[in-house]
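Q: Chain by chain, the residues:
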Amino acid sequence: MSATTVDQTDDQGGKTQASKTMRGQLRRANRARRLWAAALVAPLFLMVVVFFALPILGLLTGAVHSPEYVQTFPRSAEVVSQTDSFDEPFYEALYQDLLSAYETRSTGVAGRRLNQDLSGFSSMLRSATRAAVRGEAPPEGGYRDWFATQDPNWIAAEYQDAIRRTVPIYTDIFLLKAMDLERGPDGGISFVPEGRDLFIDVFIRTIWISFQVTLICAVLGYPLAWALTRASTFWRGIMLLGVLFPFWTSLLVRTAAWMILLQREGPLNTMLLGSGIIDSPLTMVFNRFGTIVALTHILLPFLVLPLYSVMRSIPNDYMRAAKGLGARPVRAFLGVFVPQTMPGLSAGAVLVFIMSVGYYITPALLGGPNDQMISYFIAFYVNDTINWGLAAALALDLIVITMILYFIYQKVTGTTRIGLGA
Amino acid sequence: MSDPSLTRFERNSVRLTFAAAWLVILFLVLPIIVIMPLSFTGDTLLSYPINDWSLRWYRVLLEQPIWGHVLKNSLIIALASSALATVLGTLAAVGLTRPMCPARGTLTAFLLLPMIVPIIITGVASYFFYTKLGLTNSFAGMILAHTILSTPFVVITVSATLQGFDGNQRRAAYILGARPLYAFRTVVMPQILPGIVSGALFAFVISFDEVIVALFIAGGDQYTLPRQMFSGIRENLDPTIAAVATVMIVASLIILALAQYLASRTKRRFTR
Numbered sequence: 054m055s056a057t058t059v060d061q062t063d064d065q066g067g068k069t070q071a072s073k074t075m076r077g078q079l080r081r082a083n084r085a086r087r088l089w090a091a092a093l094v095a096p097l098f099l100m101v102v103v104f105f106a107l108p109i110l111g112l113l114t115g116a117v118h119s120p121e122y123v124q125t126f127p128r129s130a131e132v133v134s135q136t137d138s139f140d141e142p143f144y145e146a147l148y149q150d151l152l153s154a155y156e157t158r159s160t161g162v163a164g165r166r167l168n169q170d171l172s173g174f175s176s177m178l179r180s181a182t183r184a185a186v187r188g189e190a191p192p193e194g195g196y197r198d199w200f201a202t203q204d205p206n207w208i209a210a211e212y213q214d215a216i217r218r219t220v221p222i223y224t225d226i227f228l229l230k231a232m233d234l235e236r237g238p239d240g241g242i243s244f245v246p247e248g249r250d251l252f253i254d255v256f257i258r259t260i261w262i263s264f265q266v267t268l269i270c271a272v273l274g275y276p277l278a279w280a281l282t283r284a285s286t287f288w289r290g291i292m293l294l295g296v297l298f299p300f301w302t303s304l305l306v307r308t309a310a311w312m313i314l315l316q317r318e319g320p321l322n323t324m325l326l327g328s329g330i331i332d333s334p335l336t337m338v339f340n341r342f343g344t345i346v347a348l349t350h351i352l353l354p355f356l357v358l359p360l361y362s363v364m365r366s367i368p369n370d371y372m373r374a375a376k377g378l379g380a381r382p383v384r385a386f387l388g389v390f391v392p393q394t395m396p397g398l399s400a401g402a403v404l405v406f407i408m409s410v411g412y413y414i415t416p417a418l419l420g421g422p423n424d425q426m427i428s429y430f431i432a433f434y435v436n437d438t439i440n441w442g443l444a445a446a447l448a449l450d451l452i453v454i455t456m457i458l459y460f461i462y463q464k465v466t467g468t469t470r471i472g473l474g475a
Numbered sequence: 112m113s114d115p116s117l118t119r120f121e122r123n124s125v126r127l128t129f130a131a132a133w134l135v136i137l138f139l140v141l142p143i144i145v146i147m148p149l150s151f152t153g154d155t156l157l158s159y160p161i162n163d164w165s166l167r168w169y170r171v172l173l174e175q176p177i178w179g180h181v182l183k184n185s186l187i188i189a190l191a192s193s194a195l196a197t198v199l200g201t202l203a204a205v206g207l208t209r210p211m212c213p214a215r216g217t218l219t220a221f222l223l224l225p226m227i228v229p230i231i232i233t234g235v236a237s238y239f240f241y242t243k244l245g246l247t248n249s250f251a252g253m254i255l256a257h258t259i260l261s262t263p264f265v266v267i268t269v270s271a272t273l274q275g276f277d278g279n280q281r282r283a284a285y286i287l288g289a290r291p292l293y294a295f296r297t298v299v300m301p302q303i304l305p306g307i308v309s310g311a312l313f314a315f316v317i318s319f320d321e322v323i324v325a326l327f328i329a330g331g332d333q334y335t336l337p338r339q340m341f342s343g344i345r346e347n348l349d350p351t352i353a354a355v356a357t358v359m360i361v362a363s364l365i366i367l368a369l370a371q372y373l374a375s376r377t378k379r380r381f382t383r
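Respectively, the protein sequence lines represent chains A and B.
Mind the numbering: the first sequence is residues 54 to 475 in this note's numbering, read in order.
Mind the numbering: the second sequence is residues 112 to 383 in this note's numbering, read in order.
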């Protein structure tokens with residue numbers, strides 16, 4: 054660590070020598086400090102890289118990487134990529150592939166992948182494998198006919214096209230599908246026909262719900278944040294507790310609370326019925342209403358807290374000056390006060406928007422089938438239909454949206470600091 | 112015009128705004144309060160009026176071994192992951208606030224990503240990754256995943272406290288001959304301790320409340336309290352859920368009080 058070794062062979066005069074040494078010492082000291090700082094950050098950095106960044110990159114590559122066919126049926130994949138023809142050599146290779154895939158019990162993986170492209174493949178593969186394993190050897194040179202007798206679809210152009218699409222290791226099929234696009238037989242990209250489209254609706258719905266939630270949060274949060282800055286110390290404390298209490302309460306508890314509250318026989322319906330405002334119970338849960346109310350309730354503190362901290366720092370003098378200069382109250386408020394609160398408002402709003410775009414639990418529990426957002430479909434394709442490529446493509450889209458918003462957030466706040474208020 | 116005394120219009124606007132603010136507070140607080148009495152019903156329906164008060168559902172809670180089991184799991188996972196997150200996050204925050212820290216902005220933005228990326232993505236990605244490593248259905252996997260999720264909150268709270276810390280004090284300690292570690296332990300640490308503790312509290316709550324990652328990587332043996340609540344809400348919304356919720360609300364009130372106390376202590380320290 055010590056920088057006392059002075060270069061004695063340099064005979065350029067004492068002054069230069071000394072300043073050179075000092076520069077060197079400073080450089081070394083700074084390098085040591087930089088190393089120290091880096092060493093302190095390193096453990097967390099490495100952990101986030103290995104257990105967060107790598108898994109996510111792995112997930113996202115799943116959107117374009119689909120080696121299932123090649124890994125399971127290497128011989129026939131080879132034939133297709135070499136000759137692009139579905140003749141005798143292909144069916145002979147596929148016959149061999151079926152036998153060896155049966156040995157390694159891997160037929161299902163490729164079957165699932167093919168099925169995602171065109172349904173029917175799984176059962177075709179199963180019965181063909183069974184027949185091949187039983188030793189129903191095809192007549193000399195008649196592999197194509199053998200497959201055709203198992204199932205005529207094996208030689209249908211539609212199914213051959215599906216195999217052709219599934220063979221490449223890298224595919225844009227999932228990315229396209231996540232945007233309701235598909236590749237026609239001629240290779241051109243077009244929208245999927247009406248009735249099979251789904252994801253554009255889901256994206257629009259996600260953005261629309263998030264937008265509504267953000268807007269309601271802003272409308273409810275603005276007067277609250279303002280009142281917080283004007284209340285006496287005692288009442289401010291009480292009001293802040295009112296904001297922080299739900300913030301610290303478990304998400305599941307809050308979701309359960311809304312579910313109980315909004316039920317058909319729940320307290321809210323009982324109250325409305327009892328007071329004669331309504332005649333029959335309202336449906337307020339498992340629909341859009343319940344989703345938006347609960348999301349607003351959960352995310353509102355994230356808007357109020359940064360907004361409040363910005364409003365608190367605005368001196369009262371500006372408003373007084375504006376009024377002193379003759380501005381009417383409304384004009385002074387809109388022209389002087391509101392613009393100064395914009396950094397806080399936009400930071401809070403972007404934060405709420407980011408969080409609601411990716412929300413899963415609350416819509417999953419409180420929404421109906423038509424209120425589910427992207428997150429729900431990611432979970433659905435991972436758990437229920439096991440279409441990991443599509444789940445990855447949707448995750449990629451969601452992450453792109455989130456990163457754009459995060460970038461905007463950083464521009465808006467000017468720092469990487471995210472206000473938590475606590 | 113000397114005193115800009117408010118006009119009647121302004122007074123009314125202020126009153127109206129305060130009324131609106133209190134309504135919003137009610138909207139925030141009431142739904143949580145309303146379900147608490149429902150847990151003391153002797154009925155099987157979650158509705159008012161409550162005719163028959165009883166502790167029946169709390170007894171159910173104690174008699175069903177599952178709730179004790181998931182509470183224990185939640186505590187183990189939350190304690191371990193918040194301890195890990197506090198150590199890693201504090202070290203990183205100290206490094207990031209050093210004046211010589213390289214690429215600070217980018218590094219900070221990167222380290223905060225686990226808080227920004229939708230948890231569903233983190234959950235699915237962890238599921239695939241942990242499956243390869245054999246970490247699904249294990250406490251180690253849950254602790255690791257929760258540590259990652261909660262470190263950003265520690266980094267934020269501790270760096271915020273460090274920004275109020277006067278670096279000259281550390282320099283003074285160095286000049287007086289203290290080694291870096293000793294200076295940190297005796298000069299820096301005591302002053303940023305409230306920040307570290309509230310970061311740890313945050314990390315604990317994040318883990319204790321986390322359900323999405325648990326949905327993907329926890330096996331039956333690692334079910335946490337929120338995970339069990341998720342199943343409960345989904346399958347059978349009975350007053351047991353209200354009883355669990357009430358217990359958790361009381362717990363969060365205690366944590367909130369603790370956090371407020373720590374925040375006021377930090378403030379006093381730096382304004383002194």
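Keep in mind that the hints were calculated from the coordinates and are not lab data.
Given the structure is predicted, the values throughout are model-derived calculations rather than measurements.
Incorrect hints may have been included.
[Unchecked claim] A few chain B residues that face chain A, going by a derived Cβ cut-off under 10 Å, partial list only:
(1) I177
(2) W178
(3) H180
(4) I187
[Said to hold, decoys possible] Here are the computed distance ranges between Cβ atoms for each label pair:
(5) P334(A) / H180(B): 30 to 38 Å
(6) I187(B) / E318(A): 32 to 40 Å
(7) A130(B) / M395(A): 21 to 29 Å
(8) V103(A) / I366(B): 27 to 35 Å
(9) Q274(B) / K464(A): 16 to 24 Å
(10) I187(B) / G77(A): 49 to 57 Å
(11) T297(B) / L294(A): 58 to 66 Å
Yeah, the Cβ is synthetic: ideal placement off N, Cα and C, and Gly gets one too.
Q: Can you give the numbers of the hints that this structure goes against, from lowest to highest?
A: Those not satisfied are hints 1, 2, 3, 4 and 11.
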